[in-house]
Every structure is written in C-alpha cells, then in structure tokens.
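Student: In case you want the letters, here they are:
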Amino acid sequence: MTGVLDRVRGVQLSGLATVAMLVVAVAVNASLQPNFWDSYALTSNFATFVPLVAIAVGQTIVVLSGGLDLSLGAQVTLASVVAVRIVDGSLDRYPLAVAAALGVGLACGALNGLVVALLRLQPIVATFATSFVYSGLALVVLPTPGGSVPFEVTTAYRDSVLGVPVALLLIVALALLWLVLRRHRVMRHVYAVGGDADAAYASLVPVARTRVWAYVLGGLFAALSALAILANTGSGDPFVGNELTLASVAAVVIGGTALAGGRGGAGGSVIGAIVLALVANIIFFADVPTDYRQLVNGAVIILALALAGIPALQKRRAA
Amino acid sequence: MSAPLLDTPRGRLAAWRPGPVALAGAVAVALVIVGELVSPGFAGYGQLVNLMRVAAFLGVIAIGQTIVIIAGGGGVDLSVGKVATFSAIIGSRVMAGDDANIVPAVALSLLVAAAIGLVNGLGVTLLRIPPFVMTLGMIGVVQGLILAYTGGQAEGRAAPALTSLVNGRVIFDLPGLLFLWLLLGLLAVWLLRRTTFGWNLFAVGANRTAASLTGVRVNRTLILAYVLSATFAGLAGILLLGYTESVFLDLADQYMLPSVAAVVIGGTLLAGGIGGYAGTAVGAIVLTVLQGLLTTLDIGGAWRTVVNGVVLLVLLSLYGRQRRLRS
Numbered sequence: 000m001t002g003v004l005d006r007v008r009g010v011q012l013s014g015l016a017t018v019a020m021l022v023v024a025v026a027v028n029a030s031l032q033p034n035f036w037d038s039y040a041l042t043s044n045f046a047t048f049v050p051l052v053a054i055a056v057g058q059t060i061v062v063l064s065g066g067l068d069l070s071l072g073a074q075v076t077l078a079s080v081v082a083v084r085i086v087d088g089s090l091d092r093y094p095l096a097v098a099a100a101l102g103v104g105l106a107c108g109a110l111n112g113l114v115v116a117l118l119r120l121q122p123i124v125a126t127f128a129t130s131f132v133y134s135g136l137a138l139v140v141l142p143t144p145g146g147s148v149p150f151e152v153t154t155a156y157r158d159s160v161l162g163v164p165v166a167l168l169l170i171v172a173l174a175l176l177w178l179v180l181r182r183h184r185v186m187r188h189v190y191a192v193g194g195d196a197d198a199a200y201a202s203l204v205p206v207a208r209t210r211v212w213a214y215v216l217g218g219l220f221a222a223l224s225a226l227a228i229l230a231n232t233g234s235g236d237p238f239v240g241n242e243l244t245l246a247s248v249a250a251v252v253i254g255g256t257a258l259a260g261g262r263g264g265a266g267g268s269v270i271g272a273i274v275l276a277l278v279a280n281i282i283f284f285a286d287v288p289t290d291y292r293q294l295v296n297g298a299v300i301i302l303a304l305a306l307a308g309i310p311a312l313q314k315r316r317a318a
Numbered sequence: 000m001s002a003p004l005l006d007t008p009r010g011r012l013a014a015w016r017p018g019p020v021a022l023a024g025a026v027a028v029a030l031v032i033v034g035e036l037v038s039p040g041f042a043g044y045g046q047l048v049n050l051m052r053v054a055a056f057l058g059v060i061a062i063g064q065t066i067v068i069i070a071g072g073g074g075v076d077l078s079v080g081k082v083a084t085f086s087a088i089i090g091s092r093v094m095a096g097d098d099a100n101i102v103p104a105v106a107l108s109l110l111v112a113a114a115i116g117l118v119n120g121l122g123v124t125l126l127r128i129p130p131f132v133m134t135l136g137m138i139g140v141v142q143g144l145i146l147a148y149t150g151g152q153a154e155g156r157a158a159p160a161l162t163s164l165v166n167g168r169v170i171f172d173l174p175g176l177l178f179l180w181l182l183l184g185l186l187a188v189w190l191l192r193r194t195t196f197g198w199n200l201f202a203v204g205a206n207r208t209a210a211s212l213t214g215v216r217v218n219r220t221l222i223l224a225y226v227l228s229a230t231f232a233g234l235a236g237i238l239l240l241g242y243t244e245s246v247f248l249d250l251a252d253q254y255m256l257p258s259v260a261a262v263v264i265g266g267t268l269l270a271g272g273i274g275g276y277a278g279t280a281v282g283a284i285v286l287t288v289l290q291g292l293l294t295t296l297d298i299g300g301a302w303r304t305v306v307n308g309v310v311l312l313v314l315l316s317l318y319g320r321q322r323r324l325r326s
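Protein chains in written order, with numbering that gives the first Met the number 0: chain C, 0 to 318; chain Z, 0 to 326.
These are calculated hints, taken from the structure and not from any lab test. Mixed in with the good hints there might be a few duds.
[Claimed, not checked] Covered stretches of chain C, as calculated for chain Z (at least 3 residues, CB under 8 Å):
| no. | stretch |
| --- | --- |
| 1 | 116-123 |
| 2 | 138-146 |
| 3 | 240-249 |
| 4 | 262-269 |
| 5 | 291-304 |
[As the list claims (entries may be wrong)] Derived CB-CB ranges, DEER-like:
| no. | chain 1 | residue 1 | chain 2 | residue 2 | range |
| --- | --- | --- | --- | --- | --- |
| 6 | Z | T294 | C | L118 | 38 to 48 Å |
| 7 | Z | L296 | C | N34 | 48 to 58 Å |
| 8 | C | L90 | Z | E35 | 31 to 41 Å |
| 9 | Z | E35 | C | P142 | 27 to 37 Å |
| 10 | C | V171 | Z | L248 | 31 to 41 Å |
| 11 | Z | L190 | C | V179 | 30 to 40 Å |
| 12 | C | P33 | Z | L296 | 39 to 49 Å |
| 13 | C | R182 | Z | L248 | 29 to 39 Å |
| 14 | Z | A21 | C | L118 | 50 to 60 Å |
| 15 | C | N241 | Z | V37 | 54 to 64 Å |
| 16 | Z | F196 | C | P205 | 37 to 47 Å |
Predicted model, so just to flag it, every value in this text is computed and none were measured. Built from N, CA and C at the ideal position, the CB exists for glycine as well.
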C-alpha cells in the first residue's frame, strides 16, 4: 500500500519538475522575446517544435520498452528524402509521399526491432549500426539537398485555425495519439517488458514481439517527424535528422522517463522537447555572445537533465 | 559437460571455444585477406602499417571507453570524441608550433580533459544522472567550450617534436605512434589487471552492492573511471594533433560511437564487470581494417556507409549478443 503511494507521489514529483521547467522556460522566453505571444511568433515557434516532439514520442516508446534507438534521426532523414523524391512539388502525389514516408519508418523500425529482439544485440550499438544503413540509403536516394514540397502543404503547416496554429494542433494530435496508444495492449506490454523482462516473460507477455512493436512505433513517429520537417522547410536534405537523435534522448530524460525502461510516458517527453526548443530560443533572444551560445545551451541542458532526476534521487534517499 | 572431463587433454580441447579476442582477431585477419583478394596490395606492409596508424587513435580513445564500460551500471562515455577534439585544440594553440611549449601544452590539455571527466564522474555518482545522459549533455558543453575558446576558428600548430614523435619512423619503418599505442595499451592492461583500482573496477562493474559491502569505495572508483576516460581521450587528441599538425573544430568527433563499438566487438560486456583492453585494441583494428577495405572497394560513399552498417551488425552478432530470457 505504501509502495503504491510512494510510486504515485514519485510520478507526480517528476511530472512537477518537468512542468516547472516548462513554466520557467515560457516565462523567461516571453519576457525576452517582445512579441512572443503574437500569432506570427507563436506559429513559427510551434512550427519548429513539431519534428522534435514527434521523434521524442517515438524515442519514449522505445525507451519504455527498455531499449534505445540511436537510428531515429537517420530514419527521419531517410523517410523525408524518400517522401520529397516522390512528391517532387506536386500536390497530387502528396498522399503517396506520406504513405511512403510512413512505410519507410515502419520498415526501419521493424529492422531495428528484429535486430534487437531476435539477434539480441545491445540496443545502443545495434541501432548505431543500423543508423549507418539508413543514412547511407538516404544519401543514395537524395545525394544533395533539393526537391520541393507543394506550397499548399507548407502554407497549411504555417496557417492557423480559429487563431490556433496548425503546428500546435499537430502537437496536440501527437499527444492524443500517444494517449490512445497507451490504452492499447501493446503499450501495456511495453511497460511490462521495460520494467522487468524476466517477470514479463514469466507472465506470458510476448517479450520479443513487444520489443519489435516498440521499435516499429518508434519508426512510425520518426516518419511523422520527417513529414513535419518537410512541411516546415519545404525541401529535402540528406543530413536533416542528424541532430535529432541525441536531442530526442535528452527530451525523454527531461520529461521524466527512466532510461532503464518501464517508468514514464510520452506526455513528459512532449514537454521536454518544447523545453529544449525554448532554451535555444531564450539563448538567442538573451543576447548571449555568439561564441558562448552553445556553452550556455549545453550547461542549461545538463542542469535540466539533473533537475529531471532529482525526484528519483529523493525517493532513493528516503528508501 | 562434467568437471573431470575437462582434465583430459581431449576434454579440454572439446570445451575450447574461441574467446572474443581470438574471434575478433580472426575477423581482422579475414578482412585483410579479403582486401588482398579484391585489391592486390591491400595487405602490403606499408598499407598495413598505415591502417594500424589510423587504428591507433581509435585504440587510445577506446582505452577510456573500456574502463568506463567495465565499471557497469550503464556506464558509457559519449563525450570522448569531443574531449579529444578540445584537447587537440588547446594543445595546438598553446604549442603554437614551438617545441619549447610542448610540456605546458600537453599538461594543460590533459588537465582540462581530466576536469571534464571529473564533472562527468560527479554527475554520475553524486547527482545520479545516467552515464549515457550525463556524457551526452557534456558533448554540448564541451562543444560550447570549444566555440568560446576558439571563437569558431582553431589556431596554432603542432610542435615539430610532437609530429616527429608521432609520425617519425623508428624501427622496421614503423611510426612512433604505434609504439606509443603499444605502451599505452600495456599501461591500460596493467591498470585493469594489476592495480587495486582495476580490481575494484571489475568488482563495481560485476555487482555494485557486493563491492560496496566488501569495502570498495564505489563512488571514488567510478569518478576515477570517468577521469581516466577523459584523460585517455585527451591523450588521443594530442596524438591526433601530432598526426594532422593543425586542427579543425570537429577533429575527433567521429570517434564517439566507434569507440563503443570497438569495446563491444572486443568482447567487453556493456553490462559491465567482464572484459579487457586486449579485445578492445583488436576491435579498433577490425573497425579500421573494415573502413580501409570499404574505401578500397571503390563503391560510392553512400553505399559504403550502408555496407559499413551491415558489416557492423554482423560483427556485433558474433559476440555482442545478450542472453536468452528462456535460459
């Protein structure tokens, strides 16, 4: 009984730390960026958030299953270049391109899942190896930046409905998608496998299949992230996803999900991704000298990572 | 397989399985043979020496990675590449191409690297940030330090003495770098096998609670592991500086994940507690020979990357596999 209470309190505390970081980041950003609440600034801010939010949700699912996917960024790249090659500026072919991107994400995720679950390679090195495969293929598909997305798509992405930016609606949609997934049997299995694979196995949870599912879902969200990037930038780039991988892990940790697996959720990661993006924004508007921006950014992120872990720290001390 | 059977020579022979080091070594030899078959001259003496020279940098960086991974608890140091880069940048600027400045340059570089390792270690032990995340965050900080220190433009030059130490031919036409790697490798093996620190490290990696109960100072051992990791990375940066003579802002960044792969291919468990440096050294050679082979094969850069990933998967599945749940 007390164990349950402790756990509830722990979850609330870690959620609290993440939300507090979001509030502080928004407050600081709003005070530094004079037109922060203007609809134009809001729209372009949210437009840049979506790709990281999507990939962070995908990373969360993989991490919850007790894994880690270092190839998610490469999957984003591959899915985006395949889509941009297919669409090639024509709105008619856009549905086909979306389907192709999703297919690429699912296929990459399935390969990762097979390698980790069936070959039983350690996720860190296995997905590092598959990331070579995906980024190499991306270069084969699109050797140099290029291609164009129909302007209807890019315009719609930066539009707003009843004063609410479309990009914000997309973030809400991603969160809803997560809430639906969380109710599904597969996600319950993912939590069980990530928490204790041996116990899950003993309770007849299909461990290997669940792990494959986690990576497949990760790939699906990578594809969504790729579509958001295309809609935001309007053209293809065979290196676009490189920086997203490690940022997605940071977003997951800031969101309070344990890297050991089994504890946490994508809601926190969505906030974590937004906090990460806001930090970069804040440093830009705080007039930090250009040469010191990266240093301040790095230091703030470490601070955020440390803060996200403090509730767990207190719990362990109390025990 | 009962125990008495092992005492007979035949039983011992039957029970023999290639260890990870032998297996990785066999893979390296096989890769060289394949290289010689597809492109005669690949296994030439000069060519092999050249490959070993490239492997040396990865090998030295991977010393620290081995130590941190053996320490267990998800131990890994993702910041080694950036630390090596930063150390080379500091070294180059302080040396400014003058032999008289070598000692202060190397001392400052290693001191800064060790300090970064100390922060990593403190974050992992006192703040209990998972090593993957702590060292990941450290990449950003070190990148920031590099930009703040250089203003976006690396200056200076390696001292001639350092360059001739690294590149100069000593005996059998072998560059000094290979002897330095051998020396550092022996130091690493000695550190892991013959010192109290090494024993404590394996104890901590195998079972942290048990180690703590038997009086091992777990936190001190872990912090020292991260300090050593960063210091060896810094050393690799200095060697790289001697090789390239001038630096650029992402000189050693690409060694980050290959250093982890070299450790795993060499048979050290990512879970900690089991492994050693000999395997890692062979792992570094395997990865470098693979790169050399793919370059020789003259396939386009994009496909080379794909093949690299596939071969890496095959190598990892030889020994990087985890236990079955059903056992």
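Student: Next, verify each hint and record whether it holds.
Tutor: The hints, checked one at a time:
no.: 1; hint: 116-123; result: holds (count 5)
no.: 2; hint: 138-146; result: holds (count 3)
no.: 3; hint: 240-249; result: holds (count 3)
no.: 4; hint: 262-269; result: violated (count 0)
no.: 5; hint: 291-304; result: holds (count 11)
no.: 6; hint: T294(Z) x L118(C): 38 to 48 Å; result: 27 Å, violated
no.: 7; hint: L296(Z) x N34(C): 48 to 58 Å; result: 55 Å, holds
no.: 8; hint: L90(C) x E35(Z): 31 to 41 Å; result: 54 Å, violated
no.: 9; hint: E35(Z) x P142(C): 27 to 37 Å; result: 31 Å, holds
no.: 10; hint: V171(C) x L248(Z): 31 to 41 Å; result: 39 Å, holds
no.: 11; hint: L190(Z) x V179(C): 30 to 40 Å; result: 53 Å, violated
no.: 12; hint: P33(C) x L296(Z): 39 to 49 Å; result: 57 Å, violated
no.: 13; hint: R182(C) x L248(Z): 29 to 39 Å; result: 48 Å, violated
no.: 14; hint: A21(Z) x L118(C): 50 to 60 Å; result: 21 Å, violated
no.: 15; hint: N241(C) x V37(Z): 54 to 64 Å; result: 31 Å, violated
no.: 16; hint: F196(Z) x P205(C): 37 to 47 Å; result: 44 Å, holds
Consistency with the previously given hints fails for numbers 4, 6, 8, 11, 12, 13, 14 and 15, ordered from lowest to highest.
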